[in-house]
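With chain E's structure known, arrange chain C on it following the hints.
Protein chains in written order, with our numbering: chain E, 1 to 401; chain C, 1 to 321.
Keep in mind that a hint or two might mislead.
[What the hints assert, rightly or not] To be clear about the criterion: a stretch of chain E counts as covered by chain C if any three or more of its residues have a C-beta under 8 angstroms from a C-beta of chain C, and this derived list gives those stretches:
| no. | stretch |
| --- | --- |
| 1 | 28-34 |
| 2 | 65-77 |
| 3 | 343-349 |
| 4 | 352-358 |
| 5 | 385-393 |
[To be verified] Partner residues aside, some chain E positions facing chain C, computed with beta carbon under 8 angstroms:
| no. | residue |
| --- | --- |
| 6 | L110 |
| 7 | L325 |
| 8 | H377 |
Calculated from the structure, these hints are not laboratory results. Even for Gly, the Cβ is constructed at its ideal location relative to N, Cα and C.
Given next are the chains, with one letter for each unit.
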Amino acid sequence: MTRRQASSPPDRPLERLLSSREVVIACGPGGVGKTTTAAAIAATMSVRSAAKVLVLTVDPARRLADALGVEGIGNTATPVPAAAFAAAGVRQKGELWAAMLDTKESWDALVRRHAPDASTAARIFANPIYQNVTGRFAQSHEYIAMERLYEIHAEGAYDLVVVDTPPTRDALDFLDAPGRMADFFGSGLLRWLVAPSRSHLVSLASRPFYQVADRILGTQFLGDVAEFFLLFQSMYDGFVTRARSVGALLGEARTTFMLVTTLETVPSLEATRFAAALAERQLHLGLLVVNKVLPASFADPAAVAVAESLQGDPVGIAGALLAALPDGLAGASRVQVARVLEEVGRSFASVGLVASRQAELLAEMSGAHEVTATVPHLAADVVDLRGLLEIGRHVLDGTGT
Amino acid sequence: MTVSGLLDRRLLFVTGKGGVGKTTVAAALGMLAASRGRRVLVCEVEPKGDVAAAYECPPAGFVPREVSPGLHVMEMDTEASLREYLRLNLRVPTIGRIGPVARAFDFVANAAPGVREILTVGKLCYEVREDHYDLVVVDAAATGHIVGQLAAPVGINELVKVGAVRSQTRWMLEILEDPRSTGVCIVTTPEEMPVNEAIDLAGRLEGETGVHLAALVANRVMPELFSRGEEEIFAALADVQATAALAVAAGGASASAFHEVLEAAALAVRIRRTGAGHLERLRAALGAAQPLVYVPYLFARADGARAVRQVADSLGEELGE
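For reference, chain E alone in the conformation it holds in the complex:
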């Protein structure tokens, strides 16, 4: 497999990188702003390049749909109106589309595509195991997200697809999901399990596994399981081929990964593990986006000294300050002003501790990754396209470190 090196021209290396890719997979630990970051870079790329861009989100908050100016997002891609961009004060060179992953609908579509006939599909839909599997099967969401990505990419309708990944028990799950799915439906064990239904020479009950399983689970449940596997076997070839193609797309030179994290301990550890896992699988980590970064001013020695002095003699400083201001300060007394000054100093010192931990972690991460972008800790939530574009600007223009 040939791998394109991320080149770093002086002018906006990330924008250049994204222009050369067709698929960007946003990944990383939960709760770090993955979905927002994915939407932000998709929106920003649709402004800056004459490209048709799709953002495929997994579980968008209604707020994100609102921010994009669309009435909810469904499994079918919806265009984000250019008017929404105009309202945010920008003119798009390209287009932005948004779609959401509907796991159940996507599974059903997959079955319809691969089932040999309509009656097999109907039996699969009616099978209680199928109904449960599509809802709860470990890796079911992970796989179907990658499957949808493959389908959309194969249609060739977009220049760039930015896909958000589902919150997983383990961030690595979805990387292995296509492989596991292929193994699952392609394994000899599956044939072994369903063999009795095909050939009545060997009775189901004579197999030791079934003897134990029957005592634990009961015959009817086992019957449902056997039917499920048997029905799925009719789709075996299509399914396995498909799962392998989906897996291959992840490794293609047109695909890159965007790892999103914050500088809190647990997310950053998980992100580091994730980066190592990508490298091990020879998958391309195009950019590392670090969210919620506190400003560098917390490390400025002059500011630190000021914060200390405010905590040291708040009453004295408050007195001198009030004396210097003929109109006073919001009609406040010296004691009140002193309280505020002391609190300002204290909160600077407290948040400064967090900032210094962050700075150490950031230095470590930036040392390990070629392209790192930072997004400052925004005090308020992103509520509109303007907010998304601001994040996109930080990611694509900010030099990081």
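What follows is chain C alone, placed relative to chain E:
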């Protein structure tokens, strides 16, 4: 039941959106209960060693290990749980005797919904039923997966009409559905998505799983910096003239350094205000009867035994004796 009775339950599932500090809160609840003389087991359902790491101990396995007096840690292992179940209930001596069961198990557990979950929840209920511990604290699946995990006994009851498993689910449900013995703690932070997920889960937990909500824990709550009057003073300080005068008053430091400090404080105020808005939303969605427990933001420590101890102390104060 009031929040003060939280630790009197036998089985507590701690959940929350990824990244909110679920493991730290679970570890702290365990530490707090043990310090009050309870025999406690803290079980990590997705074995990554995070609970042991929170106590700064080497990782534990399926067999619980005592990390401090009365406080035990274990990691869930569904295959080991199955083996234990077969040995105890069906008198199936070893897994080796019944052929490629380990592989087949893995296979069926992946395919058949709820098998892994029932073995997890079953093991936890078993520890409660056998009275090995006063309290079992579970570092459970995240909000997105917890309903599937807790609903497994109900689901199996519907799917499996006969067999040993069906009769087993009966006593499990008795433990799980009794609010005096079992409850769920939802952990959130004062941020939009974690609060959304907490509200969503709180609304459907009991209906879909039969397990009751025990408490909501708001973790990493920023301290309130200013009262309303003080905020006006703070806002007035940001005025260019006032900032310059402040720099002179403080002994001639540069006005830009003051500006930086005030900006930083303003950021802290805005973050706190946004968070407070989310917590108000949570409060309103839950209703006044539902216990909401606050744990302050720890500036000095992010993780490790010291952070767990501080969270345990905060929880102890909130819960009372």
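Hint by hint, here is what the structure shows:
no.	hint	verdict
1	28-34	holds (count 4)
2	65-77	violated (count 0)
3	343-349	holds (count 5)
4	352-358	holds (count 4)
5	385-393	violated (count 0)
6	L110	violated (16 angstroms)
7	L325	holds (6 angstroms)
8	H377	holds (7 angstroms)
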